[in-house]
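Enquirer: In case you want the letters, here they are:
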Amino acid sequence: MVKKRVVHEPLWVKTLLFLISGAFLFVFIVLPLVTIFREAFKSGIAVYMETFSDPGVMSAIKLSLLTVLICVPINTFFGVFIAWLLTKYRFPGRKVLITIIDLPFSISPVIAGLLFIFLFGSFGWFGAWLMEYDIRIVFAVPGIVLATLFVSFPFVARELMPLMRELGKDDEEAALTLGASGFQIFWKVTLPNIKWGLLYGIILTNARALGEFGAVSVVSGFVRGVTTTMPLYIDILYGEYMFRAAFALASLMTFLALVTIIAKAVLEYYIAAQRKSMEVKIQS
Amino acid sequence: MNIEIANVNKKFGNFVALDDVSISIPKGEIIALLGPSGCGKTTILRIIAGLETPDSGVIKFFGEDFSNKKIKDRKVGFVFQHYALFRHMNVFENIAFGLRIRPRKIRPDEKTIRENVMRLVSLVQLDNFVNRFPSELSGGQRQRVALARALAVEPTVLLLDEPFGALDAKVRKELRLWLRRLHDEIPVTSIFVTHDQDEALEVSDSVVIVNKGKVEQIGSPEEVCDSPANPFVADFLSDVDELSIKKKKKGLFNVINDKRQGI
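Which chain is which? The protein sequence lines are L and Z, in order.
Per numbering that gives the first Met the number 0, numbering of the first sequence is gapless, rising by one per residue and ending at 283.
Per numbering that gives the first Met the number 0, numbering of the second sequence is gapless, rising by one per residue and ending at 262.
Extracted from the complex, chain L is given alone in its bound form:
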């Protein structure tokens, strides 16, 4: 089909649209970003660095990294597992499962946090049992990890499902007839086929796990130096009028977010290239 341009906007319309969207982006995205770094470095590098010698700040950074290190591998594994299950097999309840995957996206993070309080809190379903064995989940590190796992779960599965559906079963079946075992098929055929999509999903999971505030703040209990992740600690610092330190920590998180976005952009390029090579395959 030949694309026909029905509407040909005059130059002034284009210019106006460009100016409006440019101004919007500047005010709501660029300006806040600049502000974070400007505020963080306002009193010089020495003061900036001082923030990071605060043991509370350091433990918040450590806790955030620990959470990411636990959540990203687990969600990657189960994301691949579930995407595989839902795209390669047909079974009753499959549609329901696909919908359930989106649940962490669709419910508010606060409710996600409350869910874990209801489950593991002292008056929750498993509360009494946990007390008996002296296991603390809520208002402790396990609760933070669980809440983060919950909110960052869908990314990998969501990213892989359309890709795997598009790829179909042919490659795996071909490997099967050539004598490959299930393990070999996954490592040598499936994984290379989905690697860019998988990395993209991992990056998004990482971003969400690092930045999650709502769900984590509900289960955290704000025990300083124990259950405060980076976003929570920024909130604490700000609440105590320690603006320099709050902005310093915020600038570190922003920096990590920028790295993530750049990685994502690079990956998008590779994914587009892969799609293109798939198109060639289908056309001829």
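Please note that a few of the clues may not be correct.
[Said to hold, decoys possible] Ranges between beta-carbon positions, derived for each pair:
(1) 129(Z) / 110(L): 53 to 59 angstroms
(2) 173(Z) / 268(L): 34 to 40 angstroms
(3) 182(L) / 226(Z): 50 to 56 angstroms
(4) 104(Z) / 268(L): 40 to 46 angstroms
(5) 109(L) / 137(Z): 56 to 62 angstroms
(6) 93(L) / 233(Z): 43 to 49 angstroms
(7) 23(Z) / 182(L): 33 to 39 angstroms
(8) 114(Z) / 182(L): 25 to 31 angstroms
(9) 124(Z) / 272(L): 27 to 33 angstroms
(10) 111(Z) / 57(L): 56 to 62 angstroms
(11) 111(Z) / 268(L): 36 to 42 angstroms
(12) 124(Z) / 185(L): 29 to 35 angstroms
Quick caveat, the hints were computed from the structure, so don't treat them as lab data.
The structure presented is a predicted model; accordingly, all values stated were derived computationally and were not measured.
We treat Cβ as the ideally placed atom computed from N, Cα and C, and that holds for glycine.
Since chain L is already given, all that's left is putting chain Z on it; use the hints.
Expert: Just chain Z now, kept in the frame of chain L:
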């Protein structure tokens, strides 16, 4: 008999894909499974390969019951309709795949793998393309890579699902004769699925005509054309180009002369 399929039934939900199908395939022959689309011919092929399990019935290879045999132990080569080449591997690695993934004990050494692959590469006339990736090949070239990859594991049976289906008309015709000759050069029994009557009659030693999950007739191309078993076969073969059978004979006769014409 090399391969025997006896009283095979297969349902997908309520849809009857195969209804009491029995076929015997002599060793070294090339058989066409011919029928309209959705008739169950691809299901037969997938059941022989082990990619589908029949609801009932028996699959025998050389008299041995293979019905419950694992795919990797069946020694079948399968050429998929859309080739299913591994897009992250070049031609060489695609063909070598079946050898490289073998358990260490029975895996050939690097030198043997190299020799085997290069022999296959020249068999399918792709000597100058070993380093190319699937996305850099034409449809016909990919088809031949898929064929070489399937042959690398030295299958006793070669299964081809619509081997020419995704190619344009001219390449199709050339590949047809080429496949027939290739089959005559290597010790393998071939079964291919097609919905194209001319293709089936021109390439195969015998034709199995399938309709709505049932075998309508089995016979040589001449037999099914000259004496169709029922009105469906007669009707299905009515618009066949009578020449294609004669062409096949001529084609075989000329094998030596135009062997190197290249495709």
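Enquirer: Among the hints numbered above, which are violated by the structure, and what are their numbers in rising order?
Expert: When the structure is compared with the hints, none of them turns out to be violated.
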